[in-house]
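Given the structure of chain C, go ahead and fit chains P and U onto it with the hints provided.
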Amino acid sequence: MSAEPLLRIRGLTKTYGIRDVSMDVAAGATLALIGPSGAGKSTLARCLAGFERADAGEILLDRRSEWPRHEVQMILQQPAASLNPRFTAEEIIAEPLVIQRQGNAASRAKRARELMASLGLDPKAAGAPARAFSGGERQRLAIARALTLEPKLLILDESLASLDLSVQAQIANLLLDLQEQRGLTYILISHDLSLVGRIASEIVVMNNGSIVERRPA
Amino acid sequence: MSYLGRRLLHSVFILLGVSVLSFLFADLAPGDFYSALRADPRMSPQAVEAMRQRAGANKSFPARYGDWAVSSLHGDFGYSLAFNAPVGPLLWPRLGATLLLTSTATLLAWLAAVPLGVWQASRRNRWSGRAVLTFLLAIPDLLLALGALVLAVESGLFPLGGMVSRGFAEMSSAAQVRDVLRHMALPVSVLALGMLPVLARHVRAAMVEAMDAPFALSARANGIPQARLLLRHVLPAAMHPLIALFGLSLGTLLSASLLVEVVMGWPGLGPLFLEAVTARDFGVVLAVVMLSTTLLVFGNLVADLLLYRADPRIRAK
Amino acid sequence: MKLGLAFLIAIHAAVFLAPWLAPYDYAEQHRDFAFAPPSRIHIFDERGSVHRPFVYGVVQDLGSGSYREQRGAAYPIRIFAGGSLVGVDSPGALFLLGSDGFGRDVFSRLLYGARISLLTGLIAAMLSAGIGLLLGTLAGYFRGWVDQSLMRGGELMMALPWLYLLLAVRALLPLHVSTLRTFVLMIVIIGGIGWVRPARLIRAVVLSARESDFVLAARGFGASHFYLLRRHILPFTTGVVVTQATVLIPQYILAEVSLSFLGLGVGEPVPSWGNMLSEGMQYHAMVSHPWLLVPGFATVAILLAYLKVGDALTERTVTY
Chain C
75 MSAEPLLRIR GLTKTYGIRD VSMDVAAGAT LALIGPSGAG KSTLARCLAG FERADAGEIL
135 LDRRSEWPRH EVQMILQQPA ASLNPRFTAE EIIAEPLVIQ RQGNAASRAK RARELMASLG
195 LDPKAAGAPA RAFSGGERQR LAIARALTLE PKLLILDESL ASLDLSVQAQ IANLLLDLQE
255 QRGLTYILIS HDLSLVGRIA SEIVVMNNGS IVERRPA
Chain P
22 MSYLGRRLLH SVFILLGVSV LSFLFADLAP GDFYSALRAD PRMSPQAVEA MRQRAGANKS
82 FPARYGDWAV SSLHGDFGYS LAFNAPVGPL LWPRLGATLL LTSTATLLAW LAAVPLGVWQ
142 ASRRNRWSGR AVLTFLLAIP DLLLALGALV LAVESGLFPL GGMVSRGFAE MSSAAQVRDV
202 LRHMALPVSV LALGMLPVLA RHVRAAMVEA MDAPFALSAR ANGIPQARLL LRHVLPAAMH
262 PLIALFGLSL GTLLSASLLV EVVMGWPGLG PLFLEAVTAR DFGVVLAVVM LSTTLLVFGN
322 LVADLLLYRA DPRIRAK
Chain U
9 MKLGLAFLIA IHAAVFLAPW LAPYDYAEQH RDFAFAPPSR IHIFDERGSV HRPFVYGVVQ
69 DLGSGSYREQ RGAAYPIRIF AGGSLVGVDS PGALFLLGSD GFGRDVFSRL LYGARISLLT
129 GLIAAMLSAG IGLLLGTLAG YFRGWVDQSL MRGGELMMAL PWLYLLLAVR ALLPLHVSTL
189 RTFVLMIVII GGIGWVRPAR LIRAVVLSAR ESDFVLAARG FGASHFYLLR RHILPFTTGV
249 VVTQATVLIP QYILAEVSLS FLGLGVGEPV PSWGNMLSEG MQYHAMVSHP WLLVPGFATV
309 AILLAYLKVG DALTERTVTY
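Chains as they are written, first to last, in the numbering used here: chain C, 75 to 291; chain P, 22 to 338; chain U, 9 to 328.
In isolation and in its complexed conformation, chain C is listed as follows (with noise of 0.2 Å):
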């Protein structure tokens, strides 16, 4: 882990969400986001993932004030409504390849199966339609598909909510090896604080769109 941290946040603002919000996240750490509805949290996140302008502040990750894309993923907390119900397991993991345009067919489809395996998905099931599978199996192929890129910051907004309890603790424990074998940087928005005790490795607390607290897991 280098000194100098991934993510470096000053004075971010936006009106009705988050009040000069300053923070650093260390690379590879996971960041808890707790606090009551309204507190910012989500709003601080899409600022992050790129889906909403802050007002004023700054945002650095890697030291860089604009960065591609893909470097931050976000995993939503829906499984079913985040994924196109009619496209297949392998064109799901391989859209942003497309979009990209990177690689071709056959490159694609092996990145494909490869993401599938190491997040414990059965490859053969590559062609199957989103529906066909189960929640839990929904948010890993979500998952998959953030990875696709190789991306370096991964938020999950609520992402293991809506699943059933065996299921969430299968899909932390998969979080936690990615997280070791890629290097990956987690910020988590969770209401789950026994999720939180297990995973995160500091927690930081928001209230009224400002942080309140933060302390080591």
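Keep in mind the hints are simulated off the structure, nothing from the lab. All clues given are correct.
With a straight-line cut-off of 25 Å between C-alpha atoms, the simulated SDA-like cross-links for lysine to any residue are: (1) C:Lys184 with C:Ala202; (2) C:Lys88 with U:Ser220; (3) C:Lys184 with C:Leu195; (4) U:Lys316 with P:Gly150; (5) U:Lys10 with P:Leu154; (6) C:Lys88 with C:Ile277; (7) C:Lys226 with C:Ser96; (8) C:Lys226 with C:Arg288; (9) U:Lys316 with P:Arg151; (10) C:Lys184 with U:Gly228; (11) U:Lys316 with P:Val135.
Just chains P and U now, kept in the frame of chain C:
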């Protein structure tokens, strides 16, 4: 501004927009009333042009539109070139005839559709005549009208066309009423039969949806007998979408009967409109279009307002 | 559903093959056989012996106007005779559904007329669906003033009663032009007026698909508008387009029939189911010659078939 106010304003804008567009379209249409005259070798082009000038056909668009708007507000609705008279007085008797026909038919159709729809809903999966109604649904008004004509000729029981018989003015009031009723019987039946399947379908669908709602299911679990359940609990809940439909029914009072009137010879707006359109008498065409559109927009407005009053959720918005 | 679909396919195939199936050309007149009833096909002759199917010659009683069979003159039905599937040698006549006031074969005219009526409905429906797809997608995807102006414009169009609008537009355009021009004109008018409802439905689908998380994710990877529309949004509109088509086609067939019934469609001698019906009405001929109403029954059959198919389709999409 209140909901009523906003909707009213909206409707007025729509009517204004429609009138401008219709006027514009009539302008763009190749040829006008005088084109036919121009083709007549007995009339010199100069004479036709002079007629056009006198009728004010060469004024600018806003000027003509303005004239027409003012004339409409006076109840004249512009000038009919074919009949050489203001349009208004031509319309009113026809309007009355059409309204007589359609309102009777609409009333009858609703009176029949509601019990029929309720009955069909109560017999969910058993035979309920749905196939018959579907068949009826597929028969267009045009054909029902033709069939009715055949019936009239074959049976000799019904007069063929017209609203009154000769010598109407000399009849007693009672005889007059009977006369009109005899003339009305077939056209009204045709119209009502045309409306019935659609309405019954909607009633049935609304009832079925209400019957499946939690409140109805729990009422049934509480042992409330079928008839009471349907009439006192389900039907009022099902009225909600039906209110909007009723408003729409009102809206089509002027436009539903065109074909039937033409085929069966009922002296309403339909045949007048057809004549005017073939003769390119834009005054009449415009007036009839505006009248029926106004009623349609009004019908939508009524439907919205009734829904608004009935559903507190909309009011809260 | 299957029955309806099979019926429709069969009818359209027959219509496509009209020149071969029809015993006569649609304009071919037989002045001696005006208002002839449908030919009776016999297998047994007067003495009771069996023959290939044949018809007797008919002769008209000039007093009453009714027809009598001439037992002496028998005309066997020929298969593949003279370029059509069935026919008889002249001076015999095979009127499978009778003849009209000019002695023209109703069956042949029914087949040729179906081309006009059914094709107009079909193509006009495709036009409406196409325009609706385009405008609905633009409105739902780009929103803002594009959406507002399209929807307001549509609202204005929907404020007008449909049939009145159709009549007015049709009649205000040149009335007596060539058959082809009239055909195209009818399609353009009928199809061009009815785009609003499909557009609204498609707009709704596009709006909701646009907001979905998978579109958001794809955008996050840098997808272009074109990619999003092509891969994620438009595929969801196919259901709507198909169900709209099943609703619009019969409506538009009826529109064509109504318009040509009122004399605003294709002109003589080209038949359309509408103008065939109006012919019957002109002389109150249909009372004494009920076979003239056949185009009406044919229309009902087609509408019923489309209705059944449409119902089955909506039920499928709802349950899914």
